[in-house]
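All chains, please: the whole structure from these sequences, using the hints.
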Amino acid sequence: MLITCPYCGPRDVIEFTYQGDGNRERPQPASQNLDAWNAYVYDRLNPAGEHNEIWQHSGGCRAHLRVVRNTVTHEILSTEFARGGHKSAGHKAGVRS
Amino acid sequence: MAEYSAFSLLKNALSGNKDWKPAWRKPDPKASYDVIVIGGGGHGLSTAYYLAKEHGITNVAVLEKGWLGSGNVGRNTTAVRSNYLLPENTRFYEHSMKLWENLSHELNYNVMFSQRGCLNLAHTPAQLDDYARRGNAMRHLGVDAELMSLDQIKRLVPALDLSGSARFPVLGGLMQPRAGTARHDAVAWGYARGADRRGVDIIENCEVTGFLRDGGQITGVTTTRGEIRAKKVALAVAGSTGRVMQLAGISHMPIESHVLQAFVSESLKPVIDTVLTFGMGHFYISQSDKGGLVYGGDLDGYNSYAQRGSLPVVDEVMSEMLALFPGLARVRMLRSWGGVCDMTMDGSPIITAGPLPGMYLNCGWCYGGFKATPASGWCFAHTIAKDEPHEFNAPFTLDRFYRGLVIDDKGQGANPRLH
Amino acid sequence: MSPRRTETGGRIDRLRTIRFTFDGAAYTGHAGDTLASALLANGVTLFGRSFKYHRPRGLLAAGVEEPNALVTVLRGEVREPNVAATMVEIYDGLVAVSQNRMPSLAWDINAVNQLGGKILSAGFYYKTFMGPVFGPLKGTRFWMFCEHFIRRAAGLGKAGTAPDPARYERMNAFCDVLVVGSGPAGLMAAKAAADQGARVILADLEAHFGGSANWSGETIDGLPAADWAQRMVGQLEGNDNVRLLPRTTVWGYYDGNTLAALERVTDHKEVANKGEPRQRYWAIRAGTIVLATGSFERPLVFPGNDRPGVMLAHAAERYAVEYGVLPGQRIALLTNNDSAYRSAVALKKAGAAVVAIVDVRSDVTGDMRRLASEAEAELLTGHAVIATEGGKALSGLKVQRFDAVSGALSGDERSIHADCLLMSGGWSPTIHLASQAGAKAEWDPARQAFLPPKPTQHWIGAGAFTGSFSTTEAIAEGRAAGLQAAGGAASSALLPVVEAAPGDPDPAPVFEIKAKGKSFVDFQHDVTAEDVRLAHREGFVSVEHLKRYTTLGMATDQGKNSNVPGLAIMAEALGKPIPEVGKTRFRPPYTAVSIGSLAAERFGDLKPERLTPMHDWHLANGATMYSAGLWYRPMIYGHAGETVEQAYVREAKATRDSAGIVDVSTLGKIAVQGPDAAELLDRVYTNMFSTLALGKARYGLMLREDGLAFDDGTTWRLGEQDFLMTTTTANAGKVMQHLEYFLDVIWPELKVTVTSVTDEWAGAAIGGPNARAILAACVKGTAVDNATLPFMGIVYGEIAGVPVMICRLSFSGEMAFEVYSGAGYGTHVWEALIEAGKPFGLVTYGLEALGTMRIEKGHVTGAEIDGRTTARDLHLDWMLSKKKPFIGSAMMDREGLIASDRLQLVGLIALDNRPLNGGGHIVEELDEANPHGSLGHITACCYSPALGKYIALALVKGGKARHGTRAFVSDPLRNRFGPIEIVSNHFYDPDGSRMHG
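Protein chains in written order, with my numbering: chain A, 1 to 97; chain B, 1001 to 1419; chain C, 2001 to 2997.
I should point out that these hints are in silico values taken from the structure, not numbers from a laboratory. Note that the Cβ used here is the ideal one computed from N, Cα and C, for glycine as well. Be aware that a few hints might be false.
[Claimed, not checked] Label pairs and their computed distance ranges (CB to CB): (1) K2960(C) <-> R1155(B): 26 to 36 Å; (2) S2984(C) <-> D1387(B): 42 to 52 Å; (3) E25(A) <-> Q1217(B): 23 to 33 Å; (4) S1008(B) <-> P2103(C): 27 to 37 Å; (5) R1155(B) <-> G2801(C): 24 to 34 Å; (6) T2965(C) <-> Q32(A): 34 to 44 Å; (7) E25(A) <-> K2734(C): 50 to 60 Å; (8) R1155(B) <-> M2171(C): 39 to 49 Å; (9) R1155(B) <-> E2413(C): 53 to 63 Å.
Below you can see the structure in the form of structure tokens.
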């Protein structure tokens, strides 16, 4: 798998650390809604298909990326910085570095 | 259906093996059953078998979307052990071990359970103490465990690098002598044949496409082979749990599906006579009766339903293998494959009634499901039949996460890829 | 001249004689020979024994798909088992031995298994060996008794135990176009792409590029095809943008067009050149892949088809044309298609007598009849071979009239004298890589073969791979694929002209000739047609059940020979078309790859070593090192004759009596900087950090989101917006990722930068009653008295000319200071501290003494913060701020986390004054024979010099309520049982008067 880091370009999956489901919403820090906290910590969408997920480019620039990836084909549809900002299309044509 | 024995083999050989009958029937689905088990893998089949045998419930269908045993029961590295740290897990897996020990007789099918032991290698004094903690925990629940010295390990596995000059020298290990390996496919086939002989319908190529409901109650399923009604619908679909639960309208589960790769080498004369694990990484290996080294390591580490692995994990697993066995560098990896694991948030399974009325759920086996096959089916059958869990599976609820009653053998928290 | 070597021909170098041994006998061959061709030239017909019945076997193939002729290659003590003789290039001094035979290849005692033939049918072991239900062999014992012998009879070659001295290398390569296979299609593709300026890699698993051009006997552009191929290779060689990789098997097609390949760099050499690895593992990321992997000829299934001397037709052609070896003098052929006729002509030309062409088809074209006459072969159309004769070598065969539609045999049997029988059952495209890439194959009823699926990744097929079996098509498709892959426009330029023997690519749909006798489908695993039918009778009818029940396709050739014939026989039994039985999905690797190559540079060097700046000093000063994760740390600095316990007791006692110093450089250190740094710390720590004064440090605890304890350490406020966080050694990386995740994903609005500075600082902790005096003696630029440097205070100074930062904090419970300097000056500062400590009897201490003093104080480490404990379990609830939310605060009070029977931290004292062990359990009632009723376990233990007792920390159910009670340690694994007292975890100086001083 190659993930296109908006900062570093297409890089092998070995450089990245998976940080899981990107759909989860963390309650406000002071929230006392225990169900919401539990859902945030324990529940996962886990779709067979397109999945919004977080990866850290831990072996590179260490930025967290929001990646849309197909969990059946492993095709990467888009990547962007998790904190917002630059978005890059998938690297559908492979590498030309 | 005929009993299998040396005598029946001889008799059939004399008639040119023309008279063997199918190991299980291939019936069309009936309109309704008392219990439908979704998933014709090891756990689904053993559930059906124990429903019939232990609870006399024989009006049961097992629905399999592909070929029987096409999931993880035929994709694992075949290790059977009950060497867990936490008592909830140890009790459950030890019950499984006891069922394993008599399984070939019980099923009249040789599942080739070979109690060649499972040895966890330790590489630091702290790790040895950690293993002692686990071994002692096992012993206090009546489960076999012992520490092995370097000399004992050297005698058992002479091919190991015990030179002391390794990057992570071996200091000792924790051995469970009753652990071992079994022939994975035979377990599925043996349970299928056993269930079939007790009247269970095993229906292959029958994919569940939806659930039938009466109000909130689950009353059956729609399938690629039509509607089938049932008083109780039980799920044992492992890596597909998320997908099937979504058909029932449950979008979120405390589960992520991850791919785990496994590997087998070309056949070799005997070289490793136990199940062995490496302590400074994640690597396990045994040798099959055919002679292939069967081994694996960590999850690929991201959500996947692809049954296809990635190259970095291949390299990691092979590197760890050679750290233990530098003499095997010229041995060759013959085949690799991937299985989809239903990883829970604490690394322990879920066997429970619910979460919907009329539904029963068995999932979350992470990558430890094969050894659980007998006890999983046994406990699930109990839960389905009695509408309450057996004490062995009582801790494995779905609500334990919310309640803070997690059973976290590795202490990794809600991070499925690390369990 | 060896008996079967032709006078001329082949690309072997007849002027160079190579000497080698096989099973101890000396042979010669020529440079360019494979072990298979060289032995064949020497008249050897028996190469191996089959897996189950130990039947004698000869060569089936000439290439990578060989299932029978497996050998072990020896290089001194180092063994490489299970190598196909067809893939071993001979070199002077090659030593090869046969496998899976006892005592010799010719006389194998296990061949007795053949007598059990029908009992040992597919799946027989599932039906027996269950053993008695009572008595000494009940349970699994009987099976394990039988298994002992089965395992020794099974298995192929023997692995070595001597460490492999070879080096393996990993290369990462990038290209625009990777061409796999160097036959006419691959060569054209590579050339076309290279001409477009694309960066091209061309890989072929054989030693010589050219593929079928090397043996087809065809003419291309007026040149013999082999010469044309060499000319093409020459042109490619001259291009800077082309990398040629011969002897390189592309074995894996992974996600993102990442391909894995294995180059056999020196396996064919007697001695490697300096610096050459044995094998090179290529990870190739390619824009587009051209798959020009060709096709495999299929065997036919008929009685006796496994006898040595029965061979694939094209394999014989290769031996004759490429190696100048005739596999027999009197050759017969059995075929269901036209390609075998060309083989017959080639063998005739090479000097063999072709006695008969047995064609299962009743009608053959005039072209084929002409080829048969050219080969001077008797043509028997509408016939089939029903038996073969001979022992360990073929002596003849029997044929009978055959109806290709019904499969019926009729008429008289006729014997034909032959020493070699060639078979051709049609061709299967080599679609493995395309299948690995993710999609399912498609059955083509005309070709009677699985054709490649539609691409799921960026690849383009060309040549026989696509089912286009003629060279003319291969050349056209190859060029088109190369152009397309390189992004070039289609070309209308003239293509090379091919002159080839005529032939229809479509075979008759005949896979098996049913007659009396064992007909093999999977040669190596001894799976017969009857086994396939037995699987059908027993309901194992899907392709995967067939494989798993009979082991068909599971041998080292991974079904390259057996897959389609096996499916065809099952399809016939089911009365269904072949694709309805199922489609095999191929998985990596295409051919088996050495584990050494996959480990590559990590073979012998699994993980990096992390060393502190003072590492060499520790070694030079008698430290015994302890491996902790990737780090090495001093365990003790032992004196001559001391036990470990004596050493750590001495070190700890000396520290408490005067002073000791320990290397703490491994602690994780993270610079937390920015306007919101204090806010971040308030959120990640359970306690408050925004209130921390400048120049002060505070002990902090972090929880995970789920409310369990995560890590602890001190964090120092160096500036208003500048903190230095320390973490435990083990969790340094995890804490860093934790902070980064929250800053990047959850709280991007916080203006904070976190930087791992673990390796920037050397740390020394000096503690004991004289620690301050020692510092005072060597620190310049600051006072270290209580007013200047109070407990948890920070000062900056200089030691031996090096700037240092000193924080007064204590893990040992003594008055103690952590002295940090730039990592490069670590040893310098360390030595200055040691020097200053000499008048005070300062000792160096290691992890054992460190652990001892922390146990005495009741501090927690990773043994207690083990991912299952809460702050309350560890009596750290005083650190849970009620004034603010923090990570884990919302979740930490859930019912399971506050239950009264949770494991809680306690102290233990051994009442029998004997050592305790980490991992020992605690029970209320001692039962050595049947230990039970565990209440918890020991997390850490030591002899306490301060208390004069063996003590421990433990996690015990409802522990706090048990203070002052007695229990027992129960440690059956180490046979340690005895009475203990449960006490508070704060054994020593509980009010901290010593460290506050």
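Verification of the supplied hints:
no. : hint                              : result
1   : K2960(C) <-> R1155(B): 26 to 36 Å : 46 Å, violated
2   : S2984(C) <-> D1387(B): 42 to 52 Å : 47 Å, holds
3   : E25(A) <-> Q1217(B): 23 to 33 Å   : 32 Å, holds
4   : S1008(B) <-> P2103(C): 27 to 37 Å : 35 Å, holds
5   : R1155(B) <-> G2801(C): 24 to 34 Å : 57 Å, violated
6   : T2965(C) <-> Q32(A): 34 to 44 Å   : 38 Å, holds
7   : E25(A) <-> K2734(C): 50 to 60 Å   : 23 Å, violated
8   : R1155(B) <-> M2171(C): 39 to 49 Å : 41 Å, holds
9   : R1155(B) <-> E2413(C): 53 to 63 Å : 59 Å, holds
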